[in-house]
Amino acid sequence: MSETIILRIENLHTFFYARSKQAFVRAVEGVDLEIMQGETLGVLGESGSGKTITALSVMGLVSTEPGVISGKIEFSSKGLQQNLLQDLDQYVQHQRKNGRIMAVQKDCGGWQRKTERLMGDIRGKEIAMIFQNPQSSLNPFVTVGKQITEAVQLNTEIKNSREAQQRALHWLERVKIDSPRLRYHNHPYGLSGGMCQRVMIAMALAAEPSLLIADEPTTGLDATIQAKVVELLMELKAVLNTTTMLISHDMEVIGRLSDRVAVMYGGRVMESGSVQEILRSKDGSNHPYTTALLGCIPEEKHIKDKITLQAIEGDVIDTMNIPGGCRFYPRCNQKNDRINQSCKEHEPALKEISPGHWVRCWLYYDE
Amino acid sequence: MKMKKTILEVVNLKKYYHQGRGPFSLGRGRQRTIPAVDDVSFYLKENETLGLVGESGSGKTTVGKTILRLIPATSGEIFFDGKEILSLSAGEFHPLRKDMQMVFQDLDAGLNPKMRVQAILKEAVRVHHQMSSPEVDDRIRTLLEQVNLKESKLGNFPHELSGGEKRRVGIARALAVGARFLVADEPTSGLDVSIQAQVVNLLKDLQDRLGLSYLFISHDLRMVELVSHKVAVMYLGRIVELGLAGHIAHAPRHPYTRSLWSSLVTKESREVSAPTSPGSSGDWGVFDFERSFSGCRFAPRCPVYQEQARPDICTDPVSEPQLYDVGRAHKVACHFPLS
Numbered sequence: 403m404s405e406t407i408i409l410r411i412e413n414l415h416t417f418f419y420a421r422s423k424q425a426f427v428r429a430v431e432g433v434d435l436e437i438m439q440g441e442t443l444g445v446l447g448e449s450g451s452g453k454t455i456t457a458l459s460v461m462g463l464v465s466t467e468p469g470v471i472s473g474k475i476e477f478s479s480k481g482l483q484q485n486l487l488q489d490l491d492q493y494v495q496h497q498r499k500n501g502r503i504m505a506v507q508k509d510c511g512g513w514q515r516k517t518e519r520l521m522g523d524i525r526g527k528e529i530a531m532i533f534q535n536p537q538s539s540l541n542p543f544v545t546v547g548k549q550i551t552e553a554v555q556l557n558t559e560i561k562n563s564r565e566a567q568q569r570a571l572h573w574l575e576r577v578k579i580d581s582p583r584l585r586y587h588n589h590p591y592g593l594s595g596g597m598c599q600r601v602m603i604a605m606a607l608a609a610e611p612s613l614l615i616a617d618e619p620t621t622g623l624d625a626t627i628q629a630k631v632v633e634l635l636m637e638l639k640a641v642l643n644t645t646t647m648l649i650s651h652d653m654e655v656i657g658r659l660s661d662r663v664a665v666m667y668g669g670r671v672m673e674s675g676s677v678q679e680i681l682r683s684k685d686g687s688n689h690p691y692t693t694a695l696l697g698c699i700p701e702e703k704h705i706k707d708k709i710t711l712q713a714i715e716g717d718v719i720d721t722m723n724i725p726g727g728c729r730f731y732p733r734c735n736q737k738n739d740r741i742n743q744s745c746k747e748h749e750p751a752l753k754e755i756s757p758g759h760w761v762r763c764w765l766y767y768d769e
Numbered sequence: 002m003k004m005k006k007t008i009l010e011v012v013n014l015k016k017y018y019h020q021g022r023g024p025f026s027l028g029r030g031r032q033r034t035i036p037a038v039d040d041v042s043f044y045l046k047e048n049e050t051l052g053l054v055g056e057s058g059s060g061k062t063t064v065g066k067t068i069l070r071l072i073p074a075t076s077g078e079i080f081f082d083g084k085e086i087l088s089l090s091a092g093e094f095h096p097l098r099k100d101m102q103m104v105f106q107d108l109d110a111g112l113n114p115k116m117r118v119q120a121i122l123k124e125a126v127r128v129h130h131q132m133s134s135p136e137v138d139d140r141i142r143t144l145l146e147q148v149n150l151k152e153s154k155l156g157n158f159p160h161e162l163s164g165g166e167k168r169r170v171g172i173a174r175a176l177a178v179g180a181r182f183l184v185a186d187e188p189t190s191g192l193d194v195s196i197q198a199q200v201v202n203l204l205k206d207l208q209d210r211l212g213l214s215y216l217f218i219s220h221d222l223r224m225v226e227l228v229s230h231k232v233a234v235m236y237l238g239r240i241v242e243l244g245l246a247g248h249i250a251h252a253p254r255h256p257y258t259r260s261l262w263s264s265l266v267t268k269e270s271r272e273v274s275a276p277t278s279p280g281s282s283g284d285w286g287v288f289d290f291e292r293s294f295s296g297c298r299f300a301p302r303c304p305v306y307q308e309q310a311r312p313d314i315c316t317d318p319v320s321e322p323q324l325y326d327v328g329r330a331h332k333v334a335c336h337f338p339l340s
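In the order they appear, the protein sequences are chains F and H. Heads up: the first sequence begins at 403 in the working numbering, then just goes up one per residue. Heads up: the second sequence begins at 2 in the working numbering, then just goes up one per residue.
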């Protein structure tokens, strides 16, 4: 694995405005991520933690106002590095209070036109995405083969329709759809959920992108089929060595496919590090949120001794109303007297507690 | 140990759906039958949980709904508290409704969007019990306390609640009538892991405190293993294996059960990839007219069938495997059970 950084997200903010509540939905508030060439970064978090919105921001697909309002997304491919959010400052003005954005003015139309120009050459070609719900992401009126062929013609050098068709068939075979020649002529409704997901994967990979974003690729599939899709992704990863950002709330899927993991909560990365350090940590030096999440999964010991699960108290964070201090503070079960004051008042920065392992928690700051 | 009473017994339950000649088929085509539930028998002891697992399309939910008579059964018998309920008239069955309730899978469709939580619960309390207003309020307060829901949520509409809260309201409503037996249809699906754990803990806690019995329908194998005393595995409308939760998970006898559980990866073994079982590569676990089966329904996907060089008995239409006892309260429907 080379040490080239393919994607670096710095302090990304993506907000929405809830008119009825007169408040911002702080979907993504200060996300920092890095993806190296050839690695798989697993992004883990509950619903509403901003995983998908981070991905959509990278793809330039957030069109709701105000959308992406600050930050940097550096993407490099073919030796060329560019900031996908270049000149964003010229379109957005914001007022900060205590370091947090409280008011925003954005020329959304102008920014939209600008990103479309920039992303036209990148979206689908350099960065491809697999969406959450395969059946609803495919066009129900067009055969799946045709849809892949279209993707090939649009996103690769192959423009000849015959060649593109061959290419599409090749990818259908690659993703292990049985009898690809028959399936080529099927409409999405004729395929099962697992097969649709394979078609989506084929379509995304057909352009041989530098970065693949897989958003919940296994959600909504049955256990046996989930395992198959994970297996397929593992094989493709081994063969193609595609750089992948894998978004999931399923710790098993993340654990099997990722090299590094970032744990998100309430629009921020709370912890990041190698998969061993985060999901298979021996000494338990994790963010309390990660520890709590891991505690929610039934394991051998729970089943054998009939112990009750350690649920996280309270609800998933309300992104319209993020507390002032640490955003996990209300649900945290590891707060103690030493740090209580800090937890309530300030949110800590990410701290490197061992090489490559970053945690955003006051527990790891000694004062 | 005191022998527990059998609260529910299902005998040879069948539910066939007919896909008939509709008004648009203009006389073409023939009537086709989908055996959603095909000859299912099991029983449930009081204060215990029976887990029902299987892929989507295997008929789990249909079993649950037929037991509660939400949909009519094609044939079979269901005994609740020793009383046959399928032969009862609607009027005779009505009082039994307060004993058996369902927690529905779909969080949003299960609650009336135009009613506040209070009204939803009040309605449920009043259906079967004559109560004065203060009594109803008391009862609602007890229910909220039982399902761990804040009283301030009473004035909210369902869309103002989070997924976990909606689930709690759903459970509270089922308890409101004083149910002793609940069909919990995928109570954890569509919820975040942290909330899933809360819901499962709540269900277990209620079982201990109120002595409830559950039919726990889920495709989350871990959760089923955790909450259930016994587990039934369904495949295409049939129970293929039935036994104690631990045996089903760790010593399965049916090849389908094994492939279900081996698709799970434990935390310890996350690094090693699960072995690929041959034959199970086709991802179809739903009833399909074009792939009609004869004999054992699992044969086309079965690894054992492949290993045994496709024995004829597996596809012989007259010898579809029946559930038989293999000891230790364990039943399996397979010609070549695993050891």
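A few of these clues could be false.
Below are the BS3-like pairs computed for lysine-lysine, each with C-alpha atoms no more than 25 Å apart in a straight line [said to hold, decoys possible]:
1) H:Lys84 to H:Lys66
2) F:Lys480 to F:Lys639
3) H:Lys154 to H:Lys46
4) F:Lys480 to F:Lys423
5) F:Lys423 to H:Lys154
6) F:Lys423 to H:Lys151
7) H:Lys151 to H:Lys123
8) H:Lys66 to H:Lys332
9) H:Lys84 to H:Lys115
10) H:Lys151 to F:Lys746
11) H:Lys151 to F:Lys737
12) F:Lys423 to F:Lys499
13) H:Lys332 to H:Lys6
14) H:Lys123 to F:Lys423
No wet-lab data here; the hints were simulated from the structure. Keep in mind that this is a model prediction, so the values were computed, not measured.
Hints, verified against the model:
no. : hint                 : result
1   : H:Lys84 to H:Lys66   : holds, 18 Å
2   : F:Lys480 to F:Lys639 : holds, 20 Å
3   : H:Lys154 to H:Lys46  : violated, 35 Å
4   : F:Lys480 to F:Lys423 : violated, 45 Å
5   : F:Lys423 to H:Lys154 : holds, 18 Å
6   : F:Lys423 to H:Lys151 : holds, 22 Å
7   : H:Lys151 to H:Lys123 : holds, 16 Å
8   : H:Lys66 to H:Lys332  : holds, 24 Å
9   : H:Lys84 to H:Lys115  : violated, 37 Å
10  : H:Lys151 to F:Lys746 : holds, 24 Å
11  : H:Lys151 to F:Lys737 : holds, 24 Å
12  : F:Lys423 to F:Lys499 : holds, 20 Å
13  : H:Lys332 to H:Lys6   : holds, 21 Å
14  : H:Lys123 to F:Lys423 : violated, 29 Å
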